[in-house]
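Participant: Build out the structure end to end from the sequences listed, making use of the hints.
Chains as they are written, first to last, in this note's numbering: chain A, 1 to 217; chain B, 218 to 367.
Keep in mind the hints are simulated off the structure, nothing from the lab. One or more hints might be untrue.
Stated by the list, open to error - To give an idea of the chain A side of the interface with chain B (calculated C-beta under 7 Å), a few residues:
1) D111
2) D113
3) D114
4) D157
5) E163
6) N174
7) Y185
8) Y186
9) I190
10) K191
Stated by the list, open to error - Footprint (simulated), chain A over chain B, 3 or more residues, beta carbon under 8 Å:
11) 301-309
12) 323-337
For every residue, glycine included, the Cβ atom is placed at its ideal position computed from N, Cα and C.
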Amino acid sequence: MSTVQTKPHHRQFKGYSKNKPQSTEWNISESSGLFQSYTLPKKAIRKVSSNVASAGKVYKLTLDDIAEKALWINPNYDITLGNETLELKRNLSNIYEAIVNSQDILELYDDWDDEGAIGHNQSVYNRAIKILINYSNTLLNDYKTVITEPEISLGKDGSIDLEWRDSQHILLLNITNSQELTTHYYGEDIKGKTIIKGFLDSIDINEDLAFWMRKLS
Amino acid sequence: MWQTEEIEDESNLFVRVHKNFVRSKDNKPSASAFTNTPKSGNNLSSDWNKHSTPESSRDLIGKQKKPKDGTYKDPSVFFIWAFNSGKLRNEAIPKQKLEHDPVYNQPEDDFIPNNRAHSIIIGDKPENNAEFRVSLLKIGDWAIAPVPKK
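Facilitator: Structure (structure tokens):
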């Protein structure tokens, strides 16, 4: 058994559990300042890094080590929305960061802009994140495409926008502030001069939209 | 009391954009910046450049009290976006109507300060919110832009 040290921040940021891992082969053995030590089986150490790790020594993994060499530990990010935990593929770290950053929205209440804007609605926010996770995973699985991260913002009417915009493309998904899930979407491929638009009434994948979203890589 | 006037297609209309609606990626307004609350309908307030400048439009924000606590709004958290009137009428989806709607009260209302430039952008409820918002993004530019974050 060997010990590998990782920064708690990196573990959390890159999808490691903040809690004690469930596996009997993967236990917190000690804690010291910014670093915590984990006891790993030898087999695991070989997978983490064949050139830096050996049994019986303590190592500090860099962020790159963790991101690139320790992918085997958990293939997904776990994202909890209410009582539901959704999995986001680990390759989609940009999407994960966008979701983490979007949680500022949950601190916006009525009149947050001093102009009468409606505050966030947790269920609308959850729907937006579910849609984002669902499409991001699908694009990766079905088209081997890591899409760029959208801007996630709260509208004055309490709706949530997922917005992708660059010099070639724009795609906007507007998840309305309503009891039932309703999403309006509109996309333009400026170079190809193609447009896609329509409505979603569930988080299930709309194949036409997903196919179009390959452009957002 | 000011008379209402016809807004020419060559005009610009200034719309305030709260800092939370500025995209971190490219410092442009997010698509959600140009909507209104259901309470105030689908109309969007603006200031006509015939009777205002971007600076005066922004300064006016600081003369307006907040309904929730009676303190004055902070103009520094708002930026000014300019829409071309003709494009609003012809290129927005759905097309928008523009009305000059000067505000004048005596004594002046602290919550709605007198404003000769005040105009409203009136639109039918869009069939597709996303299409509407994107169409608005394409027909304007910053008149007072936020400073890009380094």
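Participant: Each hint: holds or not?
Facilitator: Status of the hints after comparison with the structure:
Taking 7 Å as the C-beta cut-off, the interface hint given for A:D111 holds, the closest approach to chain B being about 6 Å. Nearest Cβ of chain B to the Cβ of A:D113: about 4 Å, under the 7 Å cut. The hint holds. With a cut of 7 Å, the hint placing A:D114 at the interface with chain B holds, because the nearest CB-to-CB distance is about 5 Å. A hinted interface residue such as A:D157 counts as satisfied when its beta carbon comes closer than 7 Å to some beta carbon of chain B; here the least separation is about 6 Å, so the hint holds.
Hint status for A:E163: holds, given a least beta-carbon distance of 5 Å to chain B, under 7 Å. Because the beta carbon of A:N174 sits about 4 Å from the nearest beta carbon in chain B, less than 7 Å, this interface hint is met. Hint status for A:Y185: holds, given a least beta-carbon distance of 5 Å to chain B, under 7 Å. The criterion of a C-beta within 7 Å of any C-beta in chain B is met by A:Y186, whose closest approach is roughly 4 Å, and the hint holds.
With a cut of 7 Å, the hint placing A:I190 at the interface with chain B is violated, because the nearest CB-to-CB distance is about 10 Å. Annotation: interface hint on A:K191 violated; nearest CB of chain B at approximately 15 Å, more than 7 Å. Three residues within the 8 Å Cβ limit are the bar, and the segment 301-309 of chain B against chain A gives 0, so the coverage statement is violated. Here's how the segment 323-337 of chain B fares: 0 of its residues keep a CB closer than 8 Å to some CB of chain A, so the rule of at least three is not met and the hint is violated.
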